[in-house]
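Engineer: With these hints in hand, go ahead and build the complete structure from the sequences.
Those sequence lines, one after another, are chains A and B. Each residue of the first sequence is one higher than the one before, counting from 0 in numbering that gives the first Met the number 0. Each residue of the second sequence is one higher than the one before, counting from 0 in numbering that gives the first Met the number 0.
Hint data in this document are derived by calculation from the structure and do not stem from the laboratory. Some hints here could point you the wrong way.
Note that identical chains are pooled: a pair holds if it fits in a single copy or bridges any two copies.
Using 25 Å as the maximum straight-line C-alpha spacing, the simulated DSS-like pairs for lysine-lysine come out as follows [stated by the list, open to error]:
id	residue 1	residue 2
1	Lys-274	Lys-262
2	Lys-227	Lys-209
3	Lys-227	Lys-70
4	Lys-274	Lys-9
5	Lys-274	Lys-263
6	Lys-261	Lys-75
7	Lys-209	Lys-296
8	Lys-77	Lys-292
9	Lys-274	Lys-261
10	Lys-292	Lys-263
11	Lys-262	Lys-252
Please read all numbers here as calculations on a predicted model, not as lab measurements.
There are 2 protein chains.
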Amino acid sequence: MKGRQRETVKGIRALLAGEKRTIARIISAVESEDSEEILEHIFPHSGSAYHVGITGPPGAGKSTLVSAIAKRLLGKRKKVGIIAVDPSSPFSGGALLGDRVRMTDLALDENVFIRSMASRGSLGGLAQATKDVALVLDAAGMDYILIETIGVGQVELDIAQVCDTTVVVLVPESGDSIQAMKAGLLEIADIMVVNKGDREGCERLLTELKFAFEMREQKVGWDYPILKTTATEDEGVEELVVAIESHASYLSKTGRLEDERKKKLLLRIHELIEKRIRFHLKENIMPERDIIKLLDKMYERKLNPYRIAGQIARRIIRLADRRFV
Amino acid sequence: MKGRQRETVKGIRALLAGEKRTIARIISAVESEDSEEILEHIFPHSGSAYHVGITGPPGAGKSTLVSAIAKRLLGKRKKVGIIAVDPSSPFSGGALLGDRVRMTDLALDENVFIRSMASRGSLGGLAQATKDVALVLDAAGMDYILIETIGVGQVELDIAQVCDTTVVVLVPESGDSIQAMKAGLLEIADIMVVNKGDREGCERLLTELKFAFEMREQKVGWDYPILKTTATEDEGVEELVVAIESHASYLSKTGRLEDERKKKLLLRIHELIEKRIRFHLKENIMPERDIIKLLDKMYERKLNPYRIAGQIARRIIRLADRRFV
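Structural biologist: Shown next, in the form of structure tokens:
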């Protein structure tokens, strides 16, 4: 046990030094089941990385944009972590060969660390795992963590909660803006980007977005930027990086950065408690051998899962309340 | 209270009779916070609907296929419930006008009930809400419930757990098959469909899929059908309906239908317990006013959320164990 602790301390030191192989090893460890002890050691060293979410529909060119942003940040002597949650991202190996070669180029830079997340496991698992990986990269000394997600579902809404700034990327193709609004993307956007700005329909989409943001309740002091980029040509990327920096400075000046990060910590505690209780429920409260009879009766509609779950939950809560309230 | 119970009983009767306005009203009630009492009343009347998931990438023509399947089933005098979880589905109002007009046509049939789910709320909320809505439609006497999801994330993997048969729809466009494999779609498929079968690349995709399924571990007795459809022309749809019926009969004969449905009930109980505990945690265990000091210290990295969450969870579990183990 002491040997293991020494091992952990050594690992943490190498992590803080930003050693790529250690980062990769610790991320793999964190993705395995019982990772909270490691995360507990890592947490005190986190808190300095700025988290940027880049989300949008498939084919919006998010990865190319992420690469372009990363290169600009590297030029400013920043360390950049990239997490690809999008299964179609070339970072996660899901796109055409040409894209992947470009990414490999970036991955060789010693100030970049790229990690792709597999979209497997139980619901909630992916978003939580992304937060854990971001924590590791934060402690490893990254100045920026760029998190690329495919913006069509709920996972990204949940991942947006870990980001300080969320950039939503659209393309001029028809329907995108309507679908984006439906998916709640505009509500989570701090910065809007219309990528592939050389394509037809770009100006119309920009106008639509301006209109949509005028309708939206404004946060005091933040004027949502709506930018045009052509990431493949590196056009408009510097303006985007400036907009991200402006948003960071706005959050910092108004005290919102601290407030929002505290809210995220509260959410994280809830998630962690739930995760442990969920694990315990599956392992102990109702092992399959005990429940077969119950399931038979439920299948025959003689017993009611809603009632049984309610009873068990109420008992757990009642017992817990005696201690905590 | 007695009046309310009478009201509920009356509502359940109208629901069982399949009254469209009652179905809509009860679904709205179920989507609100405290729905478990209603679901408890509905559950005993469920269990006869056959659940079919239709999933695939955006633009695969899932909605057109769902419409075509629904029309065939209506022709066989079946009652059909449709749940659209895909934000780009015309059922949920997210597609082009032409599609929507076609859907409206279907919606007017007295043996069809269509419901679209908003992709909002907390993670896990959407998949759970979909299961609740399916339960209502089941009790309302639907023979088939068709659930359309956009197959790129985890929500659909979770929704697949409510379906007896999962149909994965792809189109011949390049990259789709690779992306589908990445997203774990092939693993949840009982039936594969290549839609827009008149397009270039269709035969190549069919060959790829056949190869992929040969690699995959087979369920004894089920030969995964790989079908070609052109939903807009109603081509291949009858074959698809026959494949769904064959899968249903395979599950039923081998006892797998019962086994799988019991597993789903077990999962549902776990989810319901977690949901209640989650709700309770947010409301009672750590109200914001009590936790502000804690959050301040965590923000300063003097306290550790992983340790705190672990402590609270362990105490809850220890108390719970005295009663249950």
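Engineer: Hint by hint, say whether it matches the structure.
Structural biologist: Quick rundown of the hints versus the structure:
no., hint, result
1, Lys-274 x Lys-262, "both (18 Å within a copy, 20 Å between copies)"
2, Lys-227 x Lys-209, "within (12 Å within a copy, 43 Å between copies)"
3, Lys-227 x Lys-70, "within (18 Å within a copy, 44 Å between copies)"
4, Lys-274 x Lys-9, "neither (28 Å within a copy, 40 Å between copies)"
5, Lys-274 x Lys-263, "both (16 Å within a copy, 20 Å between copies)"
6, Lys-261 x Lys-75, "neither (29 Å within a copy, 57 Å between copies)"
7, Lys-209 x Lys-296, "neither (57 Å within a copy, 40 Å between copies)"
8, Lys-77 x Lys-292, "neither (60 Å within a copy, 33 Å between copies)"
9, Lys-274 x Lys-261, "both (20 Å within a copy, 23 Å between copies)"
10, Lys-292 x Lys-263, "between (42 Å within a copy, 15 Å between copies)"
11, Lys-262 x Lys-252, "within (18 Å within a copy, 52 Å between copies)"
Comparing the model with each numbered hint stated earlier shows that hints 4, 6, 7, 8 do not hold.
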